[in-house]
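As numbered in the working numbering, residues 281 to 623 make up the sequence shown, in order.
If you're looking for bench data, these hints aren't it; they were derived computationally from the structure.
Fair warning: this is a prediction, and the values are worked out from it, not measured in the lab.
The beta-carbon is built from N, C-alpha and C at its ideal position, and this holds for glycine as well.
Among the hints, erroneous ones may be present.
Stated by the list, open to error - Simulated crosslink set (EDC-like; lysine to aspartate or glutamate; CA at most 20 Å straight-line):
id, residue 1, residue 2
1, LYS398, GLU419
2, LYS322, GLU333
3, LYS322, ASP312
4, LYS322, GLU343
5, LYS448, ASP403
6, LYS322, ASP298
Said to hold, decoys possible - Pair by pair, the computed Cβ-Cβ distance ranges are:
id, residue 1, residue 2, range
7, PRO428, SER599, 27 to 37 Å
8, LYS340, ALA459, 54 to 64 Å
9, GLU356, ASP592, 14 to 24 Å
10, ALA459, GLU352, 38 to 48 Å
11, ASP350, VAL446, 41 to 51 Å
12, ASP403, ALA588, 19 to 29 Å
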Amino acid sequence: MANFALGLGIGTKSSAGDWLEVYYNAPLLNADDALIAAVADKVGYAGGNQTIELNATQLKALEAAFLSVDAEDQAEVVEILEGTRQPLVLCILETDAAPQTTAEVYLKLSLLSHRLVKPHGIDLSGMFPLLPNVAWTSEGAVALEDLPRRQLSARAQGRVLDVQSVDKFPKMTNYAVPAGIRVGDASRIRLGAHVGEGTTVMHEGFINFNAGTLGVSMVEGRISAGVVVGNGSDIGGGASTMGTLSGGNNVVISVGENCLLGANAGLGLPLGDRCTIEAGLYVTGGSKVTLLDDQNNEVGVIKAGELAGKPDLLFRRNSQNGRIEVKTNQSAIELNAELHKHN
């Protein structure tokens with residue numbers, strides 16, 4: 281039997297002693313019982329989901345414990361961290377229960393961005409109150425109440441403390457850079473994004489937390505929170521996907537495999553495999569669409585939501601009467617093989 285997850289982290293606290301963020305270099309999914317048993321008595325772990333702050337003595341003991349069960353990657357992390365003055369934490373999750381601490385949230389977001397779990401494959405309920413708003417600066421995370429003093433101190437030393445964002449989420453690439461990806465503007469991918477191998481995110485592309493791609497994709501538009509894009513699908517320039525955090529929408533939006541959202545298109549329903557939404561067309565579940573047969577004859581009018589998950593569909597806007605039409609996508613999109621070969 282294995283515990284759900286384990287992470288040895290180094291983080292940042294506010295002047296009041298509150299955790300702002302935690303960096304896990306090598307989080308573990310399904311840590312086996314031998315490893316947990318080896319570290320338990322070193323840190324006072326007695327089971328359950330625990331966030332344990334570590335001192336220098338405990339850190340040294342952890343290195344021996346990891347080596348005793350051949351967890352060499354974890355032992356190497358300990359070796360690098362020895363001597364640091366930054367706060368350290370060991371987060372052990374026996375089960376995938378709703379997080380209770382900031383350190384637990386960061387471990388779960390890191391599991392997503394390290395591609396150890398897929399979007400919607402982990403319990404993140406109740407996470408927002410546990411994530412403080414933080415000033416993400418050229419000198420790392422700074423508590424908002426500490427920011428004016430830090431800015432003044434930097435100026436006194438002839439420096440400018442560059443505030444890059446004020447947010448609950450940092451950018452993913454400061455915590456994980458999974459293999460086989462290209463990113464034009466790293467600030468547009470939040471920690472907790474799942475970026476599949478072979479994915480390219482161009483400068484205007486955006487990926488939120490608990491969302492992302494499962495394989496080779498070109499992302500030039502917006503992948504909102506909770507949206508999952510299948511292998512071989514492209515999100516065109518300025519295209520948008522409807523998330524699940526606003527507007528009362530509780531439907532999980534997804535894009536199947538080998539789909540295309542054209543430039544400035546929008547999606548508000550689960551899309552099946554090999555589907556295309558033409559440029560500039562926003563389709564929601566409540567959109568009235570006209571069904572066409574293979575001879576372009578009208579066969580009925582339905583809500584687009586009734587087509588959720590169905591494959592091989594082409595959504596287009598009739599340029600003469602403005603209605604949304606749907607027909608079988610006989611020329612289902614084939615992505616540019618030469619482009620994706622070098623992702």
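Do the hints match the structure? See the list:
Distance hint between LYS398 and GLU419 is unfulfilled; the C-alpha atoms sit about 31 Å from each other, more than 20 Å. Proximity of LYS322 to GLU333 is assessed by CA-CA distance (about 12 Å); at most 20 Å being required, the pair is judged to hold. The straight-line distance between the Cα atoms of LYS322 and ASP312 is roughly 17 Å, inside the 20 Å bound, and the hint therefore holds. Annotation: proposed proximity of LYS322 to GLU343 holds, straight-line Cα distance about 10 Å (limit 20 Å).
Simply put, LYS448 and ASP403 have alpha-carbon atoms about 18 Å apart, close enough for the 20 Å limit, and the pair holds. Distance restraint check for LYS322 and ASP298: the Cα-Cα separation of roughly 24 Å exceeds the 20 Å cut-off, and the hinted pair is therefore not satisfied. Roughly 55 Å separates the CB atoms of PRO428 and SER599, a value that falls outside the hinted 27 to 37 Å. A C-beta distance of roughly 32 Å is found between LYS340 and ALA459, which places it outside the suggested range of 54 to 64 Å.
In this structure, GLU356 and ASP592 break the distance hint of 14 to 24 Å, their C-beta atoms being roughly 49 Å apart. Against the hinted window of 38 to 48 Å, the Cβ-Cβ separation of ALA459 and GLU352 comes to about 20 Å, which falls outside the hint. Against the hinted window of 41 to 51 Å, the Cβ-Cβ separation of ASP350 and VAL446 comes to about 43 Å, which satisfies the hint. Between ASP403 and ALA588 the C-beta distance comes to about 25 Å, which sits within the given range of 19 to 29 Å.
In terms of the numbered hints stated before, the structure departs from hints 1, 6, 7, 8, 9 and 10, listed from lowest to highest.
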